[in-house]
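My request is simple: use the sequences and hints to build the entire structure.
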Amino acid sequence: MSMILIENLNKCFGPKEVLKNMDLSLASGQIVGLVGPNGSGKTTLLKILAGLTSDYTGNIRIGGQPLGVETKAMVSYLPEKTYVSDWMRCVDAIDYFNDFYSDFDRIKAMEMLAQLRLDPKQRIKTMSKGMQEKLQLTLVMGRQARVYLLDEPIGGVDPATRSVILDAVLKQYSEDSLMIFATHLIADVERIFDRVIFLGFGEIKLHDEVDKIREKYGKSVDEVFREVFSCLVSL
Amino acid sequence: MIEEFDDKTPIYLQLVNIFKMSIANGTWPIGGRVDTVRDLAIQYQVNPNTVQRSLSELERENLVFSERTSGRYITKDAGVVREIRTNLAAKKISEYAEQMSLLGFGSDEILAMTARYLSEGNIGG
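One line per chain: the protein sequences are A and B, in this order. Going by this note's numbering, the first sequence opens with residue 1, and the numbers climb by one from there. Going by this note's numbering, the second sequence opens with residue 1001, and the numbers climb by one from there.
It should be emphasised that the hints constitute simulated quantities derived from the structure, not laboratory data. Any given hint could turn out to be false.
Derived lysine to aspartate or glutamate pairs resembling EDC-like cross-links, with alpha carbons at most 20 Å apart [to be verified]:
#, chain 1, residue 1, chain 2, residue 2
1, B, 1008, A, 223
2, A, 212, B, 1006
3, B, 1008, A, 208
4, B, 1008, A, 188
5, A, 219, B, 1006
6, A, 171, B, 1035
7, A, 171, B, 1003
8, A, 219, B, 1004
9, A, 212, B, 1007
10, B, 1008, A, 227
11, B, 1008, A, 222
12, A, 216, B, 1006
13, A, 219, B, 1007
14, A, 171, B, 1039
15, A, 219, B, 1003
16, A, 212, B, 1039
17, B, 1008, A, 209
The following block contains the structure:
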């Protein structure tokens, strides 16, 4: 049974078609890369799945349920922009999530804060961008969700932090959950994906397992991506 | 340091070679326990299903076997380990010999230069 099922999804912002006739079925127990240039519709797709945008047409099911309160409880979403109130300290944000989500594991989250070398008592507004991203990742991974939607988790962080984030994603992997990792930085990340979806101008241009792409094309996913999208851009 | 993979070949196949190397040189000791899929995935920063696939391939080749409840173990057969070591060495030697001959060196020269390098640390003038 698919964990995420999308049938004929269409989403417009005014006259602009942002997602077009999308069909997609994804099972649990995978880390899926959602890759595409900026503006291809990745964030829009993730927001729809996270239940934050309801103005679309098509059929979407998460864990067999239509989008709503039940699916929001199953989905843990890491947005591109940090959204935690900056007057809070790290531990306040953790307590807030702990109150709000029944699947939140406070002990695990506090351990993760320590591993990421964040001070629980530090005020968010005094934290660097990289530190805020690590905190947000902790909040998202502290939940025992069925679906994790990560929007550009490694964008704008240094290589050491990137490595720490990728380790956290791999530690979080389970056969019972599905992780979708949206990024435009494929090269160093494709190795953690089971499969990738190439999104271009709101359409799925390619969807296959990473190793199958390498076998078929004799190239890395990153190289295939560049070829596919340079064709599209020059049209 | 995170292992670098080449771009061209499937990652699971590259992992199979890396693991075979570990078995050949004893980093993965004969009869020893193989780390869990999760630990290996984190160690090599690779997808867990890819690790699983590589380990299944090693099982297929009888280099590793599964104990139903306690996990995976490296073969206890020293002969098998010797064989992988020999096969990996043969591959390296044939690549080396071919590249040296592409440089225009004959067999006698290759032998002499190699012997000199191994005993003195340089190949002379």
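Mind listing which of the numbered hints don't hold for this structure, in increasing order? Violated hint (a single one): 16; every other hint is consistent with the structure.
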